[in-house]
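K.L.:
Using the hints, position chain H against chain A.
Residues per chain are reported as follows:
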Amino acid sequence: MRRSYIRPFCIIWLALAAAVAQATLAQAAPALIDDSGTLPYNATLAMRWPSGPPRGPAARQLTGTLQLRVRLNVAPWLKRRGRIYMVLPAQQPGAMHASWTTQGRLLPGELDAGSRALVYVGPILSPVIEDVVQLTVTVDGRRLSQSYPVNFHFEMDEG
Amino acid sequence: MLLACGAAGYGGAAPAYTVNLTPAAPKTLFLAVGVGSFSVGIYNSGGKPANNATVNVVSVSVPAAAVGSGAVQTMTTNSTQSNSFLDNYPFCNAPGELYVGAFYRTTGQGNGGPSGATLIATVPATLLNAAGDPIPFSQISWTSRGNGDLGAEPFPAGSFTAGGSQTLGSVSRDQWAESCWSFSYGNTVVPAAGTFTGRVTYTISAP
Chain A
1 MRRSYIRPFC
11 IIWLALAAAV
21 AQATLAQAAP
31 ALIDDSGTLP
41 YNATLAMRWP
51 SGPPRGPAAR
61 QLTGTLQLRV
71 RLNVAPWLKR
81 RGRIYMVLPA
91 QQPGAMHASW
101 TTQGRLLPGE
111 LDAGSRALVY
121 VGPILSPVIE
131 DVVQLTVTVD
141 GRRLSQSYPV
151 NFHFEMDEG
Chain H
1 MLLACGAAGY
11 GGAAPAYTVN
21 LTPAAPKTLF
31 LAVGVGSFSV
41 GIYNSGGKPA
51 NNATVNVVSV
61 SVPAAAVGSG
71 AVQTMTTNST
81 QSNSFLDNYP
91 FCNAPGELYV
101 GAFYRTTGQG
111 NGGPSGATLI
121 ATVPATLLNA
131 AGDPIPFSQI
141 SWTSRGNGDL
151 GAEPFPAGSF
161 TAGGSQTLGS
171 VSRDQWAESC
181 WSFSYGNTVV
191 PAAGTFTGRV
201 TYTISAP
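Just so you know, the protein sequences line up as chains A and H, in that order.
Just so you know, the first sequence maps onto residues 1 to 159 in this note's numbering.
Just so you know, the second sequence maps onto residues 1 to 207 in this note's numbering.
Just so you know, these hints were derived from the structure itself, not from any lab.
All figures in this text were calculated on a predicted structure; none of them were measured in a lab.
We treat Cβ as the ideally placed atom computed from N, Cα and C, and that holds for glycine.
Incorrect hints may appear among the rest.
Label-pair restraints from in silico Cβ distances [as the list claims (entries may be wrong)]: (1) A/118 <-> H/148: 30 to 40 Å; (2) H/26 <-> A/95: 21 to 31 Å; (3) H/57 <-> A/118: 53 to 63 Å; (4) H/165 <-> A/54: 26 to 36 Å.
Chain H on its own, in the form it takes in the complex:
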């Protein structure tokens, strides 16, 4: 009798209801430092990453009386990118902050497989003025945050390693990663007068 009742409960029943979880994008690796581009709108409205050749500038003018004093000088950027390419959320506060955003979508790797992409900066040894006088790139550092952010930053605070490549952070598989950087000039050296420039190149790579 008990068996008959049990059979009535199971008789003709579908064993389970099934839905298929499907990653929404093909394999994609995206990086924007400062301004960037999406082909149409933003990611969550169906936009696709696009190339943007803009090179943004982060700068500061140190008053003559303060040169070499050790008083840290806050830098600003000419980037206008404050909103996230994910959802247009106002994540950063330009010009005080530089938007750094990346994502990595991939399929075909099982759990425990290659896990992420890496953001690397290639940094010259020095900034130079027109006469070739140097300022070490290690004079420049940054803090990291974001509006509405919780937990550790994917691209944390740091300072440039003069004359080499340095890892700035990583992006897990199927992670949207973004941080807002506020740069500072350490101002602990007394350079020659002039306008000093240098270019850092950011590269993201995945296995």
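The following block holds chain A by itself, in its conformation from the complex:
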């Protein structure tokens, strides 16, 4: 009696654990989106001190802005629902902040290096999502001792 009770419990528990692990894996490994159509690629952001108040410590921040035509190839997720994130991985020159405005196809937002921000949620109804994004990057000037390439990417969470 005792043995017949424990076995089903163990099997159910293991099955639940497997399901949880699979769900966790699915969330931990979002799919990279092909953004190779985004222009201009490898563009330069001339970093400057911002104008106007506030002053003081803010005057150590350098900021640069750039208009991008973001083009995301989402064909692999056509006719499915998804959440698209812009990702700014942790990288040189260290702490950075990015913010952006859009023309409505994608969501405006902001994020710090080492994080991601939602830019789209809903059904994927066309193979390509495009928008014009005004991207602004802010970094502590003390870190900007040279030019640094900064990588962004977009990733998809399904469902």
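P.N.:
Frame of chain A; chain H shown alone:
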């Protein structure tokens, strides 16, 4: 099947979108105490620092009845520089305040490298009148602020150290630093009559 789906997600994709953060100016060290000059307009409109030989005066006339009373006397400047050379923002309120602005742009030093420039004042021991009577320079002090300012001043409040060099503040690499100084005369000594003058020289240096 899972692997095939994963490959579809990555297939042919650019690994990342890249932008290049680039400091906008070559190595530059700039200081303006009082009036200064830019070649064209201001920094954020593309202007470049230029030399300005003007020596501004900060002064006060102490009423005879108040001489040596300890009643602090507010000084004013003949500088007309109130606006920032960064963006023409009205940062100071001349003639009550003296604009002190500096910036330091440099490249080629990694994080943790030499970090900044230093502002130093060379101060005579005394102000002197025509007869050579003295007033210690330590009688002069200043407060520091700026319109719209947040946080600590890069060039904080202090008083002159008579007869020597003193550090007045520092400018981090790639920092625009500016403060507005309001000078006061301590008025705790009773000097001979006359007009007393002295010149403080400000120097900024970087590694």
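K.L.:
Are the hints correct? Go through all of them and say.
P.N.:
Here is how each hint holds up against the structure:
Between residue 118 of chain A and residue 148 of chain H the C-beta distance comes to about 33 Å, which sits within the given range of 30 to 40 Å. For residue 26 of chain H and residue 95 of chain A, the hinted distance range of 21 to 31 Å is satisfied, since their beta carbons lie about 25 Å from each other. Here the CB-CB span from residue 57 of chain H to residue 118 of chain A is close to 59 Å, well matched to the stated 53 to 63 Å. Checked against the given bound of 26 to 36 Å, the beta carbons of residue 165 of chain H and residue 54 of chain A, roughly 32 Å apart, stay inside it.
Going through the hint list in order, the structure satisfies each hint without exception.
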